[in-house]
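Visitor: Chains B and G are the protein sequences, given in the same order.
So the first sequence is numbered by the numbering used here: it starts at 831 and just counts up by one.
So the second sequence is numbered by the numbering used here: it starts at 528 and just counts up by one.
No wet-lab data here; the hints were simulated from the structure.
Do not take every clue at face value.
Each computed EDC-like pair below joins lysine to aspartate or glutamate, with the alpha-carbon atoms no more than 20 Å apart [claimed, not checked]:
#1 G/Lys755 x B/Glu880
#2 G/Lys758 x B/Glu880
#3 G/Lys755 x B/Asp854
#4 G/Lys755 x B/Asp889
#5 G/Lys576 x B/Asp868
#6 G/Lys758 x B/Glu852
#7 G/Lys755 x B/Glu835
#8 B/Lys882 x G/Glu766
#9 G/Lys758 x B/Asp868
#10 G/Lys758 x B/Glu891
#11 G/Lys803 x B/Glu881
#12 G/Lys758 x B/Glu846
Computed from a prediction, not measured in an experiment: that's the story for all the values here.
Listed here are the chains, written in short residue letters.
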Amino acid sequence: MTDQEILDTLRSIVNEIAGVAEADVQLDKSFVDDLDVDSLSMVEISMAAEEKFGVSIPDAELKNLKTVADVVNFVKANA
Amino acid sequence: MTNIAARPLRHSEIIGLGVHRASRIVLNDEIVGPIDSSDQWIQERTGIKQRTWAPADISIIDMAVDAGNKALVHAGISAERLGTIIVSTISHPYQTPSAAVLVQDRLGARHAGAFDISAACAGFPYAVGLANGLISSGESDYVLVIGVEKLSDWTDMSDRGTAFIFADGAGAFLLGPSAVPGLGATIWGADGSEFEAIVMQPSLIELREHFKQTGELQFPKLRMQGQKVFKWAVGGMVEVCHRALEAAGLTPDDIQAFVPHQANNRITDALVRGLKFPESVVIARDIILTGNTSAASIPLALDTLLREGQVKSGDLALTVGFGAGLAYAAQVIRVP
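Bound conformation, chain G alone (with noise of 0.2 Å):
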């Protein structure tokens, strides 16, 4: 028999971060009208105080490009080394092509593969998870991680449940070869048995019936059972963290920072208090100003601690996303 030449096995690292931050900051005051609520009631259900939308002509090729490009500037790596581009989104306004071949396109990385990936707001660490494994079994030396949303164009703003989380962003990790370990294992799992808890409705066959019979359009919107997805989070999510530290040798003790997507502060806090950090594990609330941009909230808060100097390159952190789905990721990453 002959064999089939295999590329040798390695470790992949983080070598690059780059975020876009939506430019028109949306206070509570902005959006309570229609769901007769407050900013108070907001704060203090969410912790959001305020959060960025992209105003309607940026689109999330836009975002995810800059997040992009800032990434393999801050790696030093240029765009044609790219051997594959995975754009986690669920706001990308069309079936074919993928988010992800306009973002190759725009980027010049003319030898990537690229695809999106649908995961919702566990999206990034999954596609952190696929990164590492190409990387590793030596199908690409580089792979360009892009979580962006434009949630503010399938949020129904009448929705009490909804209207005041969602928000706009995008952040992307360049991912390379490592000599050593830059990541732990991702531990992911998902429970489509509760595909109602976060669902975009109606879906677009249902939307073309019911325009045929009614004349009315009924735009996809984004629909959440709050409390059942808050139960799910905080009583599963503690074990799932412990299970992704546990894979990469460590302990609590061993992290400087926990970043958790940014879902609700909320979540976080329940999350910190199970997993019993030490004082001196920085928590990421990136919420408070940024609100909840799913599939970009990790790269975001990751990238305010660095702004802020509350962590460093070469610091070990917990990442974890989760919701729908609903599904889960966690992995252990050292921050670039």
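Chain B with its partners taken away, still in its complex shape (with noise of 0.2 Å):
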């Protein structure tokens, strides 16, 4: 998958979840502060980035993710 490709994945996953519009996801945006996006949401989104990607996101590196940017590494990392 290319950057690209994962941003738009995840761009889906957090429109569907927390209701972001797909356009507001942006790299440098932080989930709860620029997107509003609370813990309870970020557990969701993460179980369904392990699902789609296929990776396996450990409740102590939830804490880490906290930009978009971030995720996308991440799966990139460990997809």
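From the two separate chains plus the hints, produce the assembled complex.
Guide: Pasting the structure below:
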């Protein structure tokens, strides 16, 4: 998967779970501070990402995934 | 070899519903002080606007008897005809005897066996499954199932993870024999390796030893790893619900209502998203005004839908309970 493909898939996940417009899901955005995604939605997003990307996101790792780029890079490194 | 006579196998159905709603309405603003939270935060994370607590002089037995009586009246069956009373609770303050025998005495159910089960938030569908088995096998004609909790007694009001969640109340189903199935098979399971996810601590032995050593009384309170439970419920209960529908020979399009344990509105949201119900399926959201009443939440939520006219007698509802254990149970029911 290219970075763009990962980002596009992530945009659709964030939109479905947290109702954030796909265009707002940019690499430099913070989930909590910019996109108003709270901790429970982050858990759901991580679960959907695990399924779509075939990665495992441990609970301890979830805390480090603060921005959209963090998730994209995590998926790229672990998929 | 001489045969043992067996009673004929048969089906069961729910013929009565009764609830007791705790009388004291507690708004979020009343509890946010010690946990440094806000009404908005609680509503966003849980959906809860208020919860109902029982006053100090109302016991879980009082609430259970009230709900049980109403279920009997609804069905037009006298307590003397009860074969079994099953109470699901985690807030009965005695190790023994059970809450169920006290309910049996107060109801005047002279011929009923009575016992409690401990399956926390999964307890109500667990007990309904047991009742179905007792009736189907011919052991009992009428079984009263009661979920009752007074979790306000067991909540740490300074715990930021649980203080705003738990509440009090009771709900009861009366089940009886039926020519056609009134329930789908119960899909249940447990994972005791995750027992620490929701646990009432300290144990009574730990309490005694701590008191001996320090003179300080650490009353048992519910502790919950909220995110872990959220992930487990959201990740696992969709499949459990699908299995319960399949066991009843149904699809999400065939039912009229979804009545999950009222754990957290956000869990309900995620389950609804995962189950892809058609618009026509009514979703129970009693937690908004009642809070999380553990074993009592499914009958209380169903009662609300009936009172509001959102479901009617004869409709099919999918119920699922999940929580401490971890344990879960689900079944399709025909609404009484």
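Visitor: So which of the earlier hints does this model not fit?
Guide: Violated hints: 3, 6 and 7; rest satisfied.
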